[in-house]
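J.: Protein chains in written order, with my numbering: chain P, 1 to 114; chain Y, 1 to 114.
Take the hints with a grain of salt, since some may be wrong.
[As the list claims (entries may be wrong)] Cβ-to-Cβ under 7 Å is the rule here; a few derived chain Y residues that face chain P:
#1 Tyr32
#2 Gly43
#3 Leu44
#4 Leu46
#5 Leu51
#6 Thr55
#7 Ser94
#8 Phe104
#9 Gly105
#10 Lys106
#11 Gly107
Simulated from the structure, these hints should not be mistaken for laboratory data. Note that the structure is a prediction, hence the values are computed from the model and not measured. Each residue gets a CB set at the ideal place from its N, CA and C atoms; glycine is no exception.
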Amino acid sequence: NAGVTQTPKFQVLKTGQSMTLQCAQDMNHNSMYWYRQDPGMGLRLIYYSASEGTTDKGEVPNGYNVSRLNKREFSLRLESAAPSQTSVYFCASSLTGGGEETQYFGPGTRLLVL
Amino acid sequence: AQSVTQLDSQVPVFEEAPVELRCNYSSSVSVYLFWYVQYPNQGLQLLLKYLSGSTLVKGINGFEAEFNKSQTSFHLRKPSVHISDTAEYFCAVSEDGSGYALNFGKGTSLLVTP
Chain P
1 NAGVTQTPKF QVLKTGQSMT LQCAQDMNHN SMYWYRQDPG MGLRLIYYSA
51 SEGTTDKGEV PNGYNVSRLN KREFSLRLES AAPSQTSVYF CASSLTGGGE
101 ETQYFGPGTR LLVL
Chain Y
1 AQSVTQLDSQ VPVFEEAPVE LRCNYSSSVS VYLFWYVQYP NQGLQLLLKY
51 LSGSTLVKGI NGFEAEFNKS QTSFHLRKPS VHISDTAEYF CAVSEDGSGY
101 ALNFGKGTSL LVTP
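Go ahead and model the full structure; you've got the sequences and the hints to work with.
T.: In structure tokens form, the structure reads like this:
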């Protein structure tokens, strides 16, 4: 039982390049989330998926797109990377998305945009 | 909408000393409260959470927190810290009925030294 896995662990991009961050969970959770973590800012929600087939914007969605490929996988795409997107990205999942539920986090992807 | 304030960005403490990490929140409705811990270069994991009932909540690794509704606080405590407790600690809140919306504080860095 691997929990939440993310690939890649590290990535360096040049401004304007695109990339997709991958996330998968094996806990049969319905809800999945993408956060970014910046120094002194805590975690901010980018997008979330309450269930397979649905996605919604979070606090900071600009510059990102997401795909809920199936129940297990939730990807985050940067179409044209900008230096402001340099951050650590975390994927998380929870059973049904209720506010009382624990969210389970992956190990993160560290992204540097030059 | 709720907000979370972690009053200390950094807390240095000696090994075996007690520690308190402070968290205040603002909300006009019932809330669920969480403390997550992030060890260096890892994802977040749940320390403890308050949903309802007893205001003193015990979590993993000897941590506990007390919900104080009148002061809108949820401070985290440990009577005797270890070197291995060195990590970033995040307070988070969600509102009853809000579903996904988990709002994080900016984090407190706990540094335990010998």
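J.: Would the hint on Y:Phe104 stand, with a C-beta cut-off of 7 Å toward chain P?
T.: Holds, about 4 Å.
J.: Verify the interface restraint on Y:Leu44: the C-beta must sit less than 7 Å from at least one C-beta of chain P.
T.: This interface hint holds because 4 Å falls under the 7 Å limit.
J.: Restraint: Y:Lys106 near chain P, CB-CB cut 7 Å. Satisfied or not?
T.: For Y:Lys106, the interface hint holds, since the closest Cβ of chain P sits about 4 Å away, which is under 7 Å.
J.: Answer holds if the nearest beta-carbon of chain P is closer than 7 Å to that of Y:Tyr32; otherwise answer violated.
T.: Nearest chain P Cβ about 5 Å off; hint holds.
J.: Quick one, is the Y:Leu46 hint okay against chain P at 7 Å, beta carbons?
T.: For Y:Leu46, the interface hint holds, since the closest Cβ of chain P sits about 5 Å away, which is under 7 Å.
J.: When the nearest CB of chain P is found for Y:Gly105, is that gap smaller than 7 Å?
T.: Since chain P brings a Cβ to about 6 Å from Y:Gly105, closer than 7 Å, the hint holds.
J.: For the hint on Y:Gly43, does the least C-beta distance to chain P fall short of 7 Å?
T.: Interface hint status for Y:Gly43: holds (4 Å vs cutoff 7 Å).
J.: Holds or violated: is the Cβ of Y:Ser94 closer than 7 Å to a Cβ in chain P?
T.: Holds: closest Cβ of chain P sits about 4 Å from Y:Ser94, inside 7 Å.
J.: Under 7 Å is the threshold here; is the Cβ of Y:Gly107 close enough to any Cβ of chain P for the hint to stand?
T.: holds (5 Å)
J.: Does Y:Thr55 meet its interface restraint, that is, does its C-beta lie within less than 7 Å of any C-beta in chain P?
T.: Violated, about 16 Å.
J.: Under 7 Å is the threshold here; is the Cβ of Y:Leu51 close enough to any Cβ of chain P for the hint to stand?
T.: Hint on Y:Leu51: holds, closest Cβ of chain P at ~5 Å, below 7 Å.
Consistency note: the structure conflicts with earlier hint 6 alone.
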